[in-house]
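So the sequence lines, in the order shown, correspond to chains A and B.
Residues in the first sequence are numbered from 8 upward in steps of one, following the working numbering.
Residues in the second sequence are numbered from 189 upward in steps of one, following the working numbering.
In case anyone wonders, no lab produced these hints; they're calculated from the structure.
There could be a bad hint or two in this list.
[What the hints assert, rightly or not] Computed cross-link-like contacts, DSS-like style, restricted to lysine-lysine with a CA-CA straight-line distance of at most 25 Å: (1) A/Lys34 <-> B/Lys236; (2) B/Lys391 <-> B/Lys416; (3) B/Lys222 <-> B/Lys236; (4) A/Lys34 <-> B/Lys391; (5) B/Lys416 <-> B/Lys300.
[What the hints assert, rightly or not] Ranges of calculated distance between the beta carbons of each label pair, as one might list FRET restraints: (6) A/Phe111 <-> B/Glu247: 40 to 48 Å; (7) A/Ala59 <-> B/Lys370: 30 to 38 Å; (8) B/Arg275 <-> A/Gly73: 54 to 62 Å; (9) A/Arg169 <-> B/Ala425: 52 to 60 Å; (10) B/Lys416 <-> A/Ile135: 21 to 29 Å; (11) B/Leu255 <-> A/Ile33: 23 to 31 Å; (12) A/Leu27 <-> B/Leu255: 22 to 30 Å.
Note that the coordinates shown come from a computational prediction; the quantities given were computed from them, not determined experimentally.
We put the beta carbon where it would ideally sit given N, CA and C, even for glycine.
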Amino acid sequence: MRYIMLFLLPCIAIFLQSTLFSFFSIKGALPDMVLIFVVFFALLNNVYKSTAYGFLCGLMEDLYMGRFIGINAIAKGLTAYIFGKLQGNVFKENIFVGIIGVFFATILNAICLFVLSIISFDTFHIDISMVYSVFYQIIYNVLVSAPVYIWFYNSSKEGILRSVGER
Amino acid sequence: MENIFRDAFTPLQSGVSEFRHSWGGFTTVFSDKKELSQQLQLLEKENKQLNFENQVLREYKAEARRLQKLLDFEDTNQANFDLLPARVIARSPDNWYRYVIIDKGSKHGLQKGMPVINYDGLVGRIGSVSKNSAQVSLITDREVAVGALLQETRDTNGIIEGIGNINHLRMVNIPYYSKIKKNNRVVTSSLSEIYPKGIYIGKVIDISREPNGLLLSATVQPAVDFDKLEEVLIITAYHPISTDDEVEE
Numbered sequence: 008m009r010y011i012m013l014f015l016l017p018c019i020a021i022f023l024q025s026t027l028f029s030f031f032s033i034k035g036a037l038p039d040m041v042l043i044f045v046v047f048f049a050l051l052n053n054v055y056k057s058t059a060y061g062f063l064c065g066l067m068e069d070l071y072m073g074r075f076i077g078i079n080a081i082a083k084g085l086t087a088y089i090f091g092k093l094q095g096n097v098f099k100e101n102i103f104v105g106i107i108g109v110f111f112a113t114i115l116n117a118i119c120l121f122v123l124s125i126i127s128f129d130t131f132h133i134d135i136s137m138v139y140s141v142f143y144q145i146i147y148n149v150l151v152s153a154p155v156y157i158w159f160y161n162s163s164k165e166g167i168l169r170s171v172g173e174r
Numbered sequence: 189m190e191n192i193f194r195d196a197f198t199p200l201q202s203g204v205s206e207f208r209h210s211w212g213g214f215t216t217v218f219s220d221k222k223e224l225s226q227q228l229q230l231l232e233k234e235n236k237q238l239n240f241e242n243q244v245l246r247e248y249k250a251e252a253r254r255l256q257k258l259l260d261f262e263d264t265n266q267a268n269f270d271l272l273p274a275r276v277i278a279r280s281p282d283n284w285y286r287y288v289i290i291d292k293g294s295k296h297g298l299q300k301g302m303p304v305i306n307y308d309g310l311v312g313r314i315g316s317v318s319k320n321s322a323q324v325s326l327i328t329d330r331e332v333a334v335g336a337l338l339q340e341t342r343d344t345n346g347i348i349e350g351i352g353n354i355n356h357l358r359m360v361n362i363p364y365y366s367k368i369k370k371n372n373r374v375v376t377s378s379l380s381e382i383y384p385k386g387i388y389i390g391k392v393i394d395i396s397r398e399p400n401g402l403l404l405s406a407t408v409q410p411a412v413d414f415d416k417l418e419e420v421l422i423i424t425a426y427h428p429i430s431t432d433d434e435v436e437e
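Just need the whole structure built from these sequences, with the hints factored in.
Spelled out as structure tokens, the structure:
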């Protein structure tokens, strides 16, 4: 059940981002729910599982969008790897760990996407609007992350996302 | 004797009658209040239902207005374009790409590269097609470029590029001697093989000189409000109007 849920989470996130959240965008910016789930997973699991989950979630996003396959997979995999490395040194019970994690993850993910885009596209337009877009996304992600972290943490400890070994 | 008895009982009877009357009124107040309260609840419920219906009808009215505009647009352009209406069902889930998903696909004859418009102007082009849906890359997407010219002067050819911002486009490759001004209308040029000539793209809101000094660039406000995009028209085929000169040639 845990794995089904972990598979469904990015699907639900993509569905919500492309439908519901697009009506409530902040200056055209949408939250990255997939990234939020990846970061929370990385904060509560080991580095290998986190990297694999980040990569697969990113790949799912890339396949849905059908553009440059792999760009989100690499960016989210890398973000998950860094947060998976850090997870042993943070106090996960604190909700601010989740919020601050999402704050830095959004910046890190944007930098990865930006660099990968420049490497991959010859005609990639660098514009100040991209910075604004990331700025608004940080606000949106942080706002969404608080309730999601409470649910994710509780589910990982005692609910549907608890791993079999911990039961 | 009879009258004496009657008179003796009269105050008592009238007292009882008075009491009955008052008590009756008192109970009526309560029973009326209960009834009124029930009526008020019913009316409130009915009011809420009517408000909801009103809201739904307003939504239908707005939709009907939009569809009417689309139909009018379709009718006026029928001679030039074969248009297929479609509804926007989803949008790009991230901030890097700008596209929408429409409810028509290859089953309805859509192909990759077909231009997409609405009654306000150019929307974009079909990026990819599946059986029942298609992805429309908006002109605000960073990967989309459109050949454009100024409607008033007709002498300035440039390229409209998306910069990922839904409110702005960039027009580049404008010669330095161009007479481009603010509020000039930008339309598609005949340079593009994808887009028919003369479709309204937006208006110039700012002009700046490129660092090399030989070219100008302009910021263009798109004619289409991409935030409120709900219905679009796909140009499945277009028949360019040939002028007399072109016919002679």
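Hints the structure violates: just list their numbers, smallest first. Hint check: 1, 7 and 8 fail, others pass.
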